[in-house]
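Colleague: The primary structure of each chain is shown beneath.
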Amino acid sequence: MSLADSDRELVVEELGRDPTPAEAALFENLWSEHCAYRSSRPLLSAFDSEGEQVVVGPGDDAAVVALPAHGDGDGDGNEDGSEESDQYITMGIESHNHPSYVDPFDGAATGVGGIVRDTLSMGAYPIALTDSLYFGEFDREHSRYLFEGVVEGISHYGNCIGVPTVGGSVDFHPDYEGNPLVNVACVGLLSADDLVTAVAQQPGNKLVLVGNGTGRDGLGGASFASEDLAEDAETEDRPAVQVGDPYTEKLLIEANEELVAENLLESARDLGAAGLGGASSEMVAKGRLGAHIELERVHQREPNMNALEILLAESQERMCYEVEPGNVDRVREIAEKYDLGCSVIGEVTEENYVCTFEGETVVDVDAYFLGEGAPMNDLETESPPEPETDLPDADLEAAFDAVVGSPSTASKRWVYRQYDHEVGVRTSVGPGDDAALIAIRESDTGLAISAGAAPNWTSADPENGAKAVALENATNLAAKGATPLAAVDCLNGGNPEKPEVYGGFSGIVDGLAEMCSTLSVPVVGGNVSLYNDSVSGPIPPTPTLAMVGTKAGYEAPPLEATPEGELLLVGQRDEFALGGSEYLAQFGGTDRFPALPDEPAAFVETLADIADADGTLAVHDVSHGGLAVALAEMVSSNAGLAVSLSTADPRGALFNEAAGRVLIQTTDSEAVREAFDGVAPVVSLGRGTDDGTLSIEFTDDTASTLAADADTIRELRSIIETELE
Amino acid sequence: MTVAIIRFGGSNCDRDAERALEHLDIDAEIVWHEDEDGLPAETSGILLPGGFSYGDYLRAGAMAAHSPIMDEVREAAADGVPVLGVCNGAQVGCESGLTEGAFTTNESARFQCEHVYLRVERDDTPWTAAYEDGEVIEVPIAHGEGRYEIDDDRLAELEDEGRVLFRYCDENGAVDDPSVNPNGSKHNVAGVLGETETVAVLMPHPERATLPDVGGVDGQGILEGFAR
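If you're matching them up, the sequences are chains A and B in order.
The opening position of the first sequence corresponds to residue 1 in the UniProt record's numbering, with each subsequent residue numbered one higher.
The opening position of the second sequence corresponds to residue 1 in the UniProt record's numbering, with each subsequent residue numbered one higher.
To be clear, the hints were calculated from the coordinates, so they are not data collected in a lab.
Hints are supplied without guarantee of correctness; some may be wrong.
Said to hold, decoys possible - Label-pair restraints from in silico Cβ distances:
id, chain 1, residue 1, chain 2, residue 2, range
1, A, Asn-638, B, Glu-132, 23 to 31 Å
2, A, Ala-613, B, Arg-154, 57 to 65 Å
3, B, Asp-151, A, Asn-263, 51 to 59 Å
4, B, Asp-213, A, Asp-339, 34 to 42 Å
5, B, Ala-109, A, Asn-304, 34 to 42 Å
6, A, Glu-674, B, Gly-173, 45 to 53 Å
7, B, Asp-151, A, Arg-714, 37 to 45 Å
8, A, Asn-263, B, Arg-228, 38 to 46 Å
9, B, Glu-132, A, Arg-714, 50 to 58 Å
10, A, Glu-560, B, Glu-132, 47 to 55 Å
11, B, Arg-228, A, Leu-195, 38 to 46 Å
12, A, Asn-263, B, Asp-213, 28 to 36 Å
As the list claims (entries may be wrong) - Which chain A residues stay away from chain B? Per the calculated CB distances, all over 10 Å, these:
id, residue
13, Asp-7
14, Ala-24
15, Asp-48
16, Asp-86
17, Asp-193
18, Arg-216
19, Lys-250
20, Met-305
21, Asp-339
22, Tyr-554
23, Asp-614
24, Ser-636
25, Ser-669
26, Asp-691
27, Asp-700
For each residue, glycine too, the CB sits at the ideal point set by N, CA and C.
For reference, chain A alone in the conformation it holds in the complex:
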């Protein structure tokens, strides 16, 4: 790939001359889809990113959001009763899709590294990671190879750097066969005083590069990420994948914390896509300034690198800092303490962005033009057709076994057991639940985190599917008693030059934006990954959302049922639609996507309240796999559920995946009914039992009954472990 002719013309016009080879390469990378969002930015204005709590919105390395005050860290609330908290969190999300196809272990590992450094750039300390992973069908050998490699890469990197991986999602769908997705989100914590941004501050300040030496790895990664994967990508594109060094990343985390604590940083940016050229030019562009960089000053780990290689290599574990001249020696001392390389590579100026190499000027361009001058694409969209209703008639028991035992809905214990999810001693609720709950003792806040998408939903109906994804993540938080605070999104799509692909992509953007806005959840940042397309076709449009919510304290109702107490289903609609369900994925057929609830915001708010009510025994979101999977997940050898459904359509009732539903087990069903009065319908399904069995009967179809004990369910749900161990 090289600079497109039309782009070259714009560059020549601006510069009044032909670009140098280094300039051409910089424009090619920074004006790529991956860096410049040329096909997606026109759509992204749909997102509402504002709110009182938003400190730094989209556009920096990570977003920054203020935590509501639940206290001052002594466990008994703020003494003066104030509402303010001086604690901020950062939120960021990143895709590492193409690299993870070519080299699953290193591709996924470096994805973790990148999003963690985006957290450091804001002056924060990383406290939690989530991973949302999407692969081709589980029974294919190639999918398993990628799945195992990606999980091992995340485990290797995330465990070593001591940041707990507390949640995420794993889905299998045939359309990821040629193009798996790895979407990693990171949450960091900082005090308000420690905030740093990527906006360069002052001409005369030094630019200091700290971290690993620069080598020839990852050359042209940004442009590699901006085209379809070729058939021979696994062998041909391997040099475009970086190799991670988590030990150095860990040292960088500690060094960064000391630099922030001593107030030595004026601005900061992680070296990611387009390497040093990207990070340094973006910092000064944001400050409407320039820079003079002497490339030979960069500490290198390979001999004879040329200017272009130094400028664009995507070697990992490097940060670019703007430092006042008087603080440079102290920065160097801290880097040395942690055995990190450190070089003063140049300074901030009021002129152009200029790079010299051994006395010769190799780049001399306006930083703002380089960063912001890429023209936007105006692409055609085509909406997907309305699906017809064509339903299979699977045997009920076989359908229950297939849906509950599907790798997409089954237990992901095999995955999260390989992730250290408890390091940091903040994990009050870990993976395997509706949402994780992290203890922020600094402000007595429980921070709930939910991340994921639903490929079946968004391939059936991009727009409504994406709305359902947003609502489901919010429901997950509310099920733990948390009120949604903010979200970041990772929007994955195929080749946008295909109208039907771009139409689907545009649908997920609109759907996600609308539901987040309805729920008053600002979308404070994100990432777009297009060209997830290969010889086997485009991926389903995939809007991974990572949403956080807060509550006072760190306690939350469990997901598992207890032997006592009435079981209520909240939010069930009268009419069942099976579009986007795991049932149709298993047995074929089509249907329209289920309608969304009328009052989603009130539903989420009420749920967050009732989850912590005295009578509440257990709460579980109903989503992937429908009621069948949700009920099965609540059953354990300690407690069963006896359920009765008044419907003549057992398959519709058990397997529809309408969003905005929740199961609540309670000793005070009247309180639940009162709370949801006028918000969502509440029906009683039955009671907890002490026999460890899920039994379901249908009052209007007495011939159909289902029963499965905890051991049977456990066996069905352990499909991934069983197959891979």
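With chain A fixed as given, assemble chain B onto it according to the hints.
Modeller: Okay, now just chain B, sitting in the frame of chain A:
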């Protein structure tokens, strides 16, 4: 009087240990392994924390065992200062000769993060005085290299000398079923004593089973060993 928590490059449970000890009202301080001043003068105990010292790029714990501060740690241990190695700290303990045997790659060849049951093998050490002989406690593990390995004869001798401190077991304390042994450790060994009772290492993380707001508190008794 302070417990020195030694931070090597790549340690990642140092802060957790500090928070857990603080919760137990035990004064603790993180000490950088290359700190010119070495161990604080008032060091009353030493904790080698979990993590990936030097990235575990050579052999888990092998590089850290050669850090100069480990000479001081060995001297202090010989003088009777309590020393506890946890996870990577246990690997450092074995590599530096504080304890015998080695912790090597899990039988599964994968990293495992989960809660396990431990049987307390004797209750007359500072680390186990809070428990009864044979008591079962629940403590998390998080490691890829935790399989205890040692020469059979030497293990028999250690067992005779009462130097096996914890074994992996089921919730009732039984050790026979191989599924209760998460990493394939020889004789289910999860933790051992050094030459004296004041030196111990274990793979499970007592600091993760100390704070009531993030799960169980069964590990408190182990850390309270520093206060005895």
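Colleague: Could you work out which earlier hints the structure fails to respect and list their numbers in ascending sequence?
Modeller: 9, 10, 19, 21 and 22
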